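Asker: Start counting the sequence shown at 1; every next residue gets the next number (my numbering).
It should be emphasised that the hints constitute simulated quantities derived from the structure, not laboratory data. Model, not experiment: these values are computed from the prediction. Where hints are given, some of them may not hold.
Restraint ranges, calculated between C-beta atoms of paired labels, are given here [said to hold, decoys possible]:
(1) Asp62 x Arg20: 18 to 28 angstroms
(2) Leu75 x Val113: 22 to 32 angstroms
(3) His90 x Arg19: 30 to 40 angstroms
(4) Cys76 x Asp23: 29 to 39 angstroms
(5) Glu22 x Gln92: 36 to 46 angstroms
(6) Gly68 x Pro36: 24 to 34 angstroms
(7) Ser15 x Asp122: 10 to 20 angstroms
(8) Gly68 x Tyr21: 34 to 44 angstroms
Each residue gets a CB set at the ideal place from its N, CA and C atoms; glycine is no exception.
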Amino acid sequence: MVQVGNPGPARLLLSEPTRRYEDEPTLDFLVRARGPWGSVETSVETWDGDGLDTFLASLAEDFRGWEGVRTWHSLCYDLTLSAEHRPGGHVQLTWGIRDRAPSEEWQFETTTVHAAGEDMRDLTAEIHAFIASVTE
1 MVQVGNPGPA
11 RLLLSEPTRR
21 YEDEPTLDFL
31 VRARGPWGSV
41 ETSVETWDGD
51 GLDTFLASLA
61 EDFRGWEGVR
71 TWHSLCYDLT
81 LSAEHRPGGH
91 VQLTWGIRDR
101 APSEEWQFET
111 TTVHAAGEDM
121 RDLTAEIHAF
131 IASVTE
C-alpha cells in the first residue's frame, strides 16, 4: 500500500495490486481517497503500471522546475495525474479519480504537494516498489 501526500484533510491510498492474468501485462490496483467528507474508491486498470513510476521519476529528475503542466493517465483514464512545479521548489500533483465506464457517475480530484527533490524521489521509489511487487 502507498499513501500519497502528508496526512491532511484528504488521504490518497493505492493498494491491492493484482494481475488478472499471469501471461498478460494487465495490472489493476485500488485507489481510494478519504476525508472528513467521506470516501471514494475505484479500481484502476493499467498495462504494467502505464509508466506511472517513470512519469514521477521524470518529475523528480527535473527538480529545478519546468514550465506548464505535465500529465499522465491510466489505460482507461480512471486515474489521472497533472503536475506543476511551484515557486519555492514544490511540485503540486492533482490526482483525478473517476468511476469506471460505462457508468462514470462521479469524478473526484485531490491535490498533494511535495518537495521537488527528495520527496519526489521517495514517492517515485514507493510507486515503483508498489508496481514491481506484482510485475517481477
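Asker: Taking the hints in turn, state whether each one holds.
Answerer: Going through the hints against the structure:
One distance hint, 18 to 28 angstroms for the beta-carbon pair Asp62 and Arg20, is violated here, with the actual separation near 34 angstroms. For Leu75 and Val113, the hinted distance range of 22 to 32 angstroms is satisfied, since their beta carbons lie about 27 angstroms from each other. For His90 paired with Arg19, a C-beta distance near 35 angstroms keeps the hint of 30 to 40 angstroms intact. At roughly 21 angstroms, the beta carbons of Cys76 and Asp23 sit outside the given window of 29 to 39 angstroms.
In this structure, Glu22 and Gln92 meet the distance hint of 36 to 46 angstroms, their C-beta atoms being roughly 38 angstroms apart. A C-beta distance of roughly 33 angstroms is found between Gly68 and Pro36, which places it inside the suggested range of 24 to 34 angstroms. Range check, Ser15 to Asp122: Cβ separation about 18 angstroms, and the 10 to 20 angstroms hint holds. The hinted window of 34 to 44 angstroms between Gly68 and Tyr21 holds, with their beta carbons roughly 38 angstroms apart.
Of the numbered hints stated above, those contradicted by the structure are hints 1, 4, listed in ascending order.
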